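Enquirer: This is what each chain is made of:
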Amino acid sequence: MSNNKKKRSLLNTIAESQVWKSIFRSGVPRTRRQRMYAVLGNVFLHLHPARLPRHAVKIGYTWCMGGLSFFLFVVLTITGILLMFYYRPTVEYAYTDIIDLAEQVPLGIMRELHRWGAHAMILTVWLHMLRVFMTGSYKPPREFNWGVGVLLMTLTMFLSFTGYLLPWDQLAIWAVTVGSNMARAHPFIGHEGPGASLLAIGDINLVHSASDVRFALLGGRFVGEATLLRFYVLHCIAVPFIAMIFMAVHFWRIRKDGGISGPL
Amino acid sequence: MLGLIKDFIDFLTTPTISFTLLTVLTPILFPPTDWFDKLSRKLKVDKLWTNKGGFVGLLLITIFMVMGYTDPNFSKILMKPDNFPIVLLIYSMFFYIWWGMKQAYENDARLAEGKKPNEYHDPDDKVLVWPDLVYIEFIALLLFMVFLIVWSLLAAAPLEEPANPASTPNPSKAPWYFLGLQEMLVYFDPWIAGIVFPMFIIIGMMAIPYMDINTKGNGYYSFKERRAGYFIFMYGWLVLWVYLIIVGTFFRGPNWNFFGPFEFWDPHKVVALNNVNLSEYIWVIGLEKPLPSNILLREAVGFLVVFAYFAFIPLALSKTLLKSMYEKYGSIRYGTLMFFGLSMLALPIKMYLRWVFNLKYIVSIPEWFFNI
Chain A
1 MSNNKKKRSL
11 LNTIAESQVW
21 KSIFRSGVPR
31 TRRQRMYAVL
41 GNVFLHLHPA
51 RLPRHAVKIG
61 YTWCMGGLSF
71 FLFVVLTITG
81 ILLMFYYRPT
91 VEYAYTDIID
101 LAEQVPLGIM
111 RELHRWGAHA
121 MILTVWLHML
131 RVFMTGSYKP
141 PREFNWGVGV
151 LLMTLTMFLS
161 FTGYLLPWDQ
171 LAIWAVTVGS
181 NMARAHPFIG
191 HEGPGASLLA
201 IGDINLVHSA
211 SDVRFALLGG
221 RFVGEATLLR
231 FYVLHCIAVP
241 FIAMIFMAVH
251 FWRIRKDGGI
261 SGPL
Chain B
1 MLGLIKDFID
11 FLTTPTISFT
21 LLTVLTPILF
31 PPTDWFDKLS
41 RKLKVDKLWT
51 NKGGFVGLLL
61 ITIFMVMGYT
71 DPNFSKILMK
81 PDNFPIVLLI
91 YSMFFYIWWG
101 MKQAYENDAR
111 LAEGKKPNEY
121 HDPDDKVLVW
131 PDLVYIEFIA
141 LLLFMVFLIV
151 WSLLAAAPLE
161 EPANPASTPN
171 PSKAPWYFLG
181 LQEMLVYFDP
191 WIAGIVFPMF
201 IIIGMMAIPY
211 MDINTKGNGY
221 YSFKERRAGY
231 FIFMYGWLVL
241 WVYLIIVGTF
251 FRGPNWNFFG
261 PFEFWDPHKV
271 VALNNVNLSE
281 YIWVIGLEKP
291 LPSNILLREA
301 VGFLVVFAYF
311 AFIPLALSKT
321 LLKSMYEKYG
331 SIRYGTLMFF
341 GLSMLALPIK
351 MYLRWVFNLK
361 YIVSIPEWFF
371 NI
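So the sequence lines, in the order shown, correspond to chains A and B.
170 is the number that the working numbering gives to position 170 of the first sequence; each next residue is one higher, with no gaps.
305 is the number that the working numbering gives to position 305 of the second sequence; each next residue is one higher, with no gaps.
If we strip away everything but chain A, and leave its shape as in the complex, we get (with noise of 0.2 Å):
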């Protein structure tokens, strides 16, 4: 199939360009071997392997609910870096800076965006996962990318989590003092848990509301300016941080463990 009758349109000019072959290694890929090439010399589109069996580009095998998790996890990352431009972690401006947001700011869906995105992105990852047990993909091989999926999940719904209590209204600090008045609980290291008056020296306990696992979460007895910094943190570099460390290995064994699941 090579170029018999040559175009000189626009498009082919461009595409066979140095500047455009020098970025994308290849011109317009048009044969099976230069469409391979296409994928295979490209950062990105190396994720996928160059050739797929024939189920598992069918909707209603995948469900797409895996890529549109990485996909709104892309989202939330560019929308979220907006945000950050107008928001301060302090008691007092956050609330203040979140109706500037949405009053001040041009194009102000960004924290429409943000939250429905990290609302839908739950939903996309808990589907995701029901599609990987429903089609028994969790088996051998790939016992322990379900694990890895299983921990990414759970970072989600802390990443979330976190989240929740930037806005600093009423929503948020009483469903982040509901969700971690449970770590007050926590054995040994909670001060309201079972075994925390066991580590004591003496009459002295080590474990208080000053010095438990809530305590460090909340960095203080409540939630107060402390937490509001510290979730800040957690959710815009930590949580982030660890869950692309987690993808990039989900990612990664997906290919090693001989690619998307499939009948033998």
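Please keep in mind that the hints were generated in silico from the structure rather than gathered at the bench.
Treat each hint with caution, since some may be false.
Each computed EDC-like pair below joins lysine to aspartate or glutamate, with the alpha-carbon atoms no more than 16 Å apart [to be verified]:
hint	chain 1	residue 1	chain 2	residue 2
1	A	Lys58	B	Glu137
2	A	Lys58	B	Glu288
3	B	Lys115	B	Glu225
4	B	Lys52	B	Glu106
5	B	Lys216	A	Glu92
If you only want the chain B side, here are some residues facing chain A, beta carbon under 10 Å, derived [as the list claims (entries may be wrong)]:
hint	residue
6	Phe84
7	Leu89
8	Asn107
9	Asp122
10	Pro123
11	Leu133
12	Ile136
13	Phe144
14	Ala155
15	Ala163
16	Thr168
17	Pro169
18	Glu225
19	Arg226
20	Ala228
21	Phe231
It should be emphasised that the depicted structure is a prediction, and the values quoted were computed from it without experimental measurement.
The beta carbon of each residue, even a glycine, is placed where N, CA and C say it ideally should be.
Using the hints provided, position chain B relative to the given structure of chain A.
Expert: Using the frame of chain A, we list chain B on its own:
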């Protein structure tokens, strides 16, 4: 007439009724044995996994939603922007489970005829990622982005009054995806509902591939080959997680009291709580003695019950009913499976103990924050 239907739905959604219904329904929807499979086919429940069944299911959900949005009480809860994901959750869980089960039943029929599952294609006949996959991904993300933008334009992200540590809203709810855990708080103390159970859920789910030694049904939708595993997973997922989230979001009002969907959230609703600990049942009511001052003596029976539940039951089953399974699985795998299975089952058991006997704690040592 409509009022009567609404009253009936309110009655159906009562935790005792709805939970029992779902518990009975799950083995019929996902029959784990031949007996249930026959029952399911006799009751024509398997017809749910056909186009007609899916349509009827979606229609029923939609009727419920329409009734909800037009009802003065339920619409207040449904219209909360942060509750919209629950509407999506209900629709998507039904739709995708239906879609998967439909394909599973089709594949089961094919396998029964000795054919390969629908997913099977000639291994040499592969498609290229560029363009066959890339364009599907592109369309999928475009459509999803459109959906997200429309959702964002239509519904503003919620923002309530500024945070005020002095004024606790009633009810105070965790984010919706944690409401299953908050709902468990009704039946268990925070150290179990908030710490131990979430850890068991995470570790137990990670352990699924190691506990499930059934190698069949790998890489295609199928039900028949894996029906026991399906049943356990679907019960845990749909009833003990998704259903509890729906209850926590829609049906739990002030003071975490239960309210039917069409019921008014009356903050003054009083529900008598006279829950009794197992130790009180035994010492005070049974033996008519005061509770012993020795904590361990007082709770001895409770400890025994918990120990018997987690140790004696698996041991006894491994020698009798599940002997062949025990031999096939080996002691470690069998023990793990039993441990996580019994932990999962502990939730419905505790729920029924509470509902039927008003049992508060099996082991109650508030001195050590150790209540089970």
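Enquirer: Are Ala155 of chain B and chain A close enough, Cβ to Cβ, to be under 10 Å, as the hint says?
Expert: At about 7 Å, which falls below the 10 Å cut-off, the nearest Cβ of chain A leaves the hint on Ala155 of chain B intact, so it holds.
Enquirer: Are the Cα atoms of Lys58 of chain A and Glu137 of chain B separated by 16 Å or less?
Expert: Given pair Lys58 of chain A, Glu137 of chain B holds - Cα atoms ~11 Å apart, limit 16 Å.
Enquirer: Would the stated hint for Arg226 of chain B survive a check requiring a Cβ distance to chain A of less than 10 Å?
Expert: holds (6 Å)
Enquirer: Take the shortest C-beta to C-beta distance between Glu225 of chain B and chain A; is it under 10 Å?
Expert: holds (8 Å)
Enquirer: Quick check on Leu89 of chain B please, does its C-beta sit within 10 Å of some C-beta on chain A?
Expert: Result: holds, 6 Å to nearest chain A Cβ.
Enquirer: Are the Cα positions of Lys216 of chain B and Glu92 of chain A separated by 16 Å at most?
Expert: The given pair, whose Cα atoms are some 58 Å apart, is violated under the 16 Å limit.
Enquirer: For the pair supplied as a hint, Lys52 of chain B and Glu106 of chain B, confirm whether the alpha-carbon distance does not exceed 16 Å.
Expert: This hinted pair holds, its Cα atoms lying about 15 Å apart.
Enquirer: Going by Cβ atoms only, is Leu133 of chain B closer than 10 Å to chain A?
Expert: Where the cut-off is 10 Å and the nearest Cβ of chain A is about 5 Å from Leu133 of chain B, the hint holds.
Enquirer: Quick one, is the Ala228 of chain B hint okay against chain A at 10 Å, beta carbons?
Expert: This hint is violated: Ala228 of chain B lies away from chain A, its Cβ roughly 13 Å from the closest one there, beyond 10 Å.
Enquirer: Does Phe84 of chain B pass the interface hint, meaning its C-beta sits closer than 10 Å to a C-beta of chain A?
Expert: This hint holds: Phe84 of chain B lies near chain A, its Cβ roughly 8 Å from the closest one there, short of 10 Å.
Enquirer: Holds or violated: Lys58 of chain A with Glu288 of chain B, Cα cutoff 16 Å?
Expert: Violated, at about 68 Å.
Enquirer: Quick check on the hint: Pro169 of chain B CB to chain A CB, less than 10 Å?
Expert: Holds: closest Cβ of chain A sits about 6 Å from Pro169 of chain B, inside 10 Å.
Against the hints set out earlier in the document, violations occur for numbers 2, 5, 20, 21.
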